[in-house]
Amino acid sequence: MTTTDEILALAGAAAGPGVAAPASAEAVDQAAEVTEAELAAFGAAAARGATSDVVRALLAISPGPSPAPTATGLPTTGLPTTGPSRNPAWTAWLTGAAATAAAGEASENPKTAPVHHAWLAIFAAGLALSGPPERLPAGVTVRAAVDAGMSAAALVETGLDDWGGWSPGTVAATIGAGVTAGLLLGLTGPRLRAVIGICATQASGLAAAEGTQALALQVGKAAFNGVEAAMLARAGLTAPAEPLDGRRGLFALFG
Amino acid sequence: MPSITEDFCAAMLRAARGQLPPPADRAARRSLLNVLGTAVSASGSAAVGVLLTAADEAGGNGDATVPGLARTLDPYWAALATGTAAHLDDFDDTHLATVIHPGASTLATVLSLVPETAPSGSAFLGAFAAGCEAQLRIGCAVSPAHYDHGWHITGTCGVFGAAVAAAALLGLDAETTARALSLAATMTVGHREAFGTMTKPLHAGKAAANGVLAARLAAAGLGGPADPLGDGGVLEVLAASVDRDALGLGWPEGHRWELEQNTIKTYPCGVVAHPAMDAAITAHPRLAELAGQAEITGITLRCNPLVPELMGREQPRDGLESRFSARHGVAVGLLYGRAGLAEFSDAAATAPEVARLRSLITLDADPDVPRDAAVLRVTRGPAPGSPPGAPEPPPVEVAVEHTRGSAALPLTDDELLAKVRALFGPVLGEAAADRARDAIDKLPAAADTAELLAALRPLNETERAS
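Line order of the protein sequences matches chains Z and D. Residue numbering for the first sequence follows the working numbering, starting at 62 and increasing by one per position. Residue numbering for the second sequence follows the working numbering, starting at 85 and increasing by one per position.
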């Protein structure tokens with residue numbers, strides 16, 4: 062079973078019964094469970110970061126204010142929510158960058174635990190595509206989709222010991238954000254595999270970005286790329302079958 | 085003292101905004117015409133259709149031209165669609181030393197920014213030339229280690245060229261452009277694992293879109309890690325071995341334009357297989373003479389080791405996969421005596437007679453064979469039904485020293501125009517290719533790009549369909 066198969070199995074479990082092969086013990090160990098408190102904390106962080114320089118710059122270059130997360134019971138972020146743009150990928154970028162910018166400020170407080178960047182991107186992707194239950198795919202909840210994305214990111218991040226100068230959290234975040242977004246768009250099977258392929262080939266982010274404005278940008282961009290990949294896969298874009306374990310796939314290149 | 089990245093960006097911006105030296109000017113005009121041809125040709129493809137569907141869902145309408153389409157998109161989606169289309173058929177261009185296809189992402193960048201920057205013809209052409217040059221020099225600095233490791237260098241280096249081209253059109257200075265490169269360094273795209281799928285050409289489109297975003301974010305005041313092209317920067321992340329001299333810092337006397345080494349593809353597939361296809365097409369009439377009298381029993385291709393590495397697919401399942409099969413290119417060359425877009429379609433990839441011939445081909449990798457050379461040997465047995473002991477015809481052997489379109493044997497301007505006419509023909513008509521060529525030749529003195537853009541669009545989708 063390849064890593065992509067493992068992720069699809071985990072995602073299948075999140076999407077409800079009747080999906081593909083069961084996950085391996087290792088994959089189950091990586092399975093995450095997001096709590097309401099964590100989602101609330103993320104929303105609060107995004108709200109705090111909404112006035113950061115990075116978010117201001119993103120708003121200045123975005124095609125227009127992005128659609129708001131609309132899920133009942135999920136946090137609001139304080140970001141502008143109306144305007145001509147219908148692209149949820151921008152919502153994901155803005156939200157992920159805002160939360161990361163705020164987390165960067167918080168991390169200067171030694172009493173605050175470090176924030177995992179992959180989680181921020183995945184939460185952002187989940188919020189960007191959230192909606193009331195009747196608008197979500199049958200059997201899928203935002204929490205379950207975020208859980209699956211976090212588990213997928215964990216599988217990717219632990220897949221290598223040495224990431225060179227790349228940022229493992231951001232690279233893994235792209236895959237996780239894609240899985241979360243794919244589930245929220247109702248993708249399964251080959252289409253969800255294509256999401257992983259589109260994400261893997263553009264997973265990026267530098268360790269050297271830590272301490273610069275690029276950190277918040279690249280975490281948010283991972284969320285953007287994940288949401289966009291799901292939109293492209295839904296429209297039919299094809300991608301490699303084994304983007305992670307393949308001979309020229311993610312693990313071979315980043316290792 | 086300016087950083088290495090600022091020094092590099094200053095040289096690129098000077099090049100973009102000054103008068104191009106005649107050889108670079110010619111190389112830029114040829115590369116631009118060629119890649120417009122491939123973009124127009126693929127504008128009706130399934131992959132571009134996917135992007136248009138996604139753009140519709142995302143509210144991506146705008147004013148930017150996508151070659152071959154009547155509709156226009158916002159700069160982001162236009163860059164994505166144009167770059168993807170231009171590289172889709174693997175029929176664009178190749179800088180052989182790096183294996184970068186520089187035209188697609190750079191074309192997508194400069195076209196997407198025309199509505200908001202309203203460049204003069206020379207500014208447009210200069211930005212295109214500098215965008216190509218920047219990514220080629222960075223590619224040279226990380227070659228061959230970067231590509232050999234498995235990265236699709238067209239995407240990973242293309243984002244830097246796109247950022248430079250965008251910076252040139254947006255009027256950024258060297259310091260701001262250096263910050264754009266530091267942000268572009270966090271947005272690299274492209275694994276070779278994606279070869280044979282729609283994601284491969286997406287690399288060129290995404291490189292363009294990301295490069296523009298990086299330039300816009302830098303213009304808005306943001307920046308990333310300092311001096312990304314300097315010691316310990318992104319180049320060391322991209323490759324285990326870095327040759328920083330290849331950046332041509334300060335553009336020292338005698339440092340050539342890498343763009344002058346960009347070659348125009350003659351077949352719609354990986355360039356390393358082109359010499360083999362030249363050989364197959366040369367062998368075709370000699371084999372055709374004996375059709376029915378002898379049957380091919382074996383085919384051996386002595387070739388550079390990059391051929392099996394990059395073009396090793398044995399039995400491709402569709403047209404996109406066939407672009408990464410040297411066996412397929414040789415088989416269609418031997419069978420049909422040509423290897424154009426029709427020979428790399430889904431139908432050709434799955435034709436039984438092509439599959440049979442592919443199964444007879446052995447790739448004999450030889451490091452002594454240059455990248456632009458190949459030796460093809462076809463052995464034949466007696467025709468079916470021949471009496472026992474019937475003599476075997478002598479093998480047909482064809483050696484190619486330099487493939488057509490290589491640096492040693494570049495396409496002439498007339499051959500290039502013929503290629504672009506064929507690419508424009510089904511979409512806009514061949515005359516539009518001539519209009520595009522004429523408009524490109526006038527760019528250095530043109531006040532704007534209106535004449536060129538007019539040659540790239542049908543009046544409406546109905547005209548396009550006809």
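These aren't lab readings, by the way, just hints derived from the structure by calculation. Careful: at least some of the hints might be erroneous.
[As the list claims (entries may be wrong)] Covered by chain Z, according to a simulated footprint, are these stretches of chain D (three or more residues, beta-carbon under 8 Å):
1) 203 to 213
2) 264 to 271
3) 280 to 286
4) 352 to 366
5) 407 to 418
6) 502 to 512
[Unchecked claim] Simulated DEER-style distance windows between Cβ atoms:
7) D:Leu180 - Z:Ala101: 50 to 58 Å
8) D:Gly305 - Z:Arg196: 20 to 28 Å
9) Z:Asp114 - D:Gly513: 48 to 56 Å
10) Z:Asp222 - D:Ala449: 29 to 37 Å
11) D:Asp327 - Z:Glu97: 31 to 39 Å
12) Z:Gly316 - D:Arg401: 57 to 65 Å
13) D:Thr156 - Z:Glu97: 43 to 51 Å
14) Z:Asp114 - D:Ala534: 36 to 44 Å
15) D:Glu514 - Z:Gly247: 22 to 30 Å
16) Z:Glu97 - D:Pro228: 32 to 40 Å
17) Z:Pro251 - D:Gly382: 36 to 44 Å
18) D:Pro475 - Z:Gly316: 54 to 62 Å
Even glycine gets a Cβ: it sits at the ideal position worked out from N, Cα and C.
Hint-by-hint comparison with the structure:
1. Remark: the segment 203 to 213 of chain D is not confirmed as covered by chain Z, as 0 of its residues place a Cβ nearer than 8 Å to a Cβ of that chain, below the required three.
2. Counting residues of the segment 264 to 271 of chain D whose CB lies closer than 8 Å to any CB of chain Z gives 5, so the stated coverage by that chain holds, three being the minimum.
3. For the segment 280 to 286 of chain D, the stated coverage by chain Z is satisfied: 5 residues place a CB nearer than 8 Å to a CB of that chain, which reaches the threshold of 3.
4. Restraint check on the segment 352 to 366 of chain D versus chain Z: 0 residues with Cβ-Cβ distances below 8 Å, three needed, restraint violated.
5. Counting residues of the segment 407 to 418 of chain D whose beta carbon lies closer than 8 Å to any beta carbon of chain Z gives 0, which falls short of the minimum of three for the stated coverage.
6. With 0 residues carrying a beta carbon less than 8 Å from a beta carbon of chain Z, the segment 502 to 512 of chain D misses the three-residue requirement, and the given coverage is violated.
7. Separated by about 56 Å at the C-beta atoms, leucine 180 (chain D) and alanine 101 (chain Z) satisfy the suggested range of 50 to 58 Å.
8. Separation of glycine 305 (chain D) from arginine 196 (chain Z) is about 37 Å and departs from the stated range, judged on CB atoms against 20 to 28 Å.
9. Aspartate 114 (chain Z) and glycine 513 (chain D) have their C-beta atoms about 50 Å apart, which keeps the hinted 48 to 56 Å range intact.
10. At roughly 32 Å, the beta-carbon separation of aspartate 222 (chain Z) and alanine 449 (chain D) lies within the given 29 to 37 Å, and the hint holds.
11. The given range of 31 to 39 Å is broken by aspartate 327 (chain D) and glutamate 97 (chain Z), whose C-beta atoms sit roughly 53 Å from each other.
12. Distance hint check: the CB atoms of glycine 316 (chain Z) and arginine 401 (chain D) are about 29 Å apart, inconsistent with the given range 57 to 65 Å.
13. The hinted window of 43 to 51 Å between threonine 156 (chain D) and glutamate 97 (chain Z) holds, with their beta carbons roughly 45 Å apart.
14. At about 38 Å, the beta-carbon gap between aspartate 114 (chain Z) and alanine 534 (chain D) stays in the expected band of 36 to 44 Å.
15. About 45 Å separates the C-beta atoms of glutamate 514 (chain D) and glycine 247 (chain Z), a value inconsistent with the hinted range of 22 to 30 Å.
16. Checked against the hint of 32 to 40 Å, the pair glutamate 97 (chain Z) and proline 228 (chain D) fails, with Cβ atoms roughly 52 Å apart.
17. The given range of 36 to 44 Å is respected by proline 251 (chain Z) and glycine 382 (chain D), whose C-beta atoms sit roughly 37 Å from each other.
18. Between proline 475 (chain D) and glycine 316 (chain Z) the Cβ separation comes to about 56 Å, which falls inside the hinted range of 54 to 62 Å.
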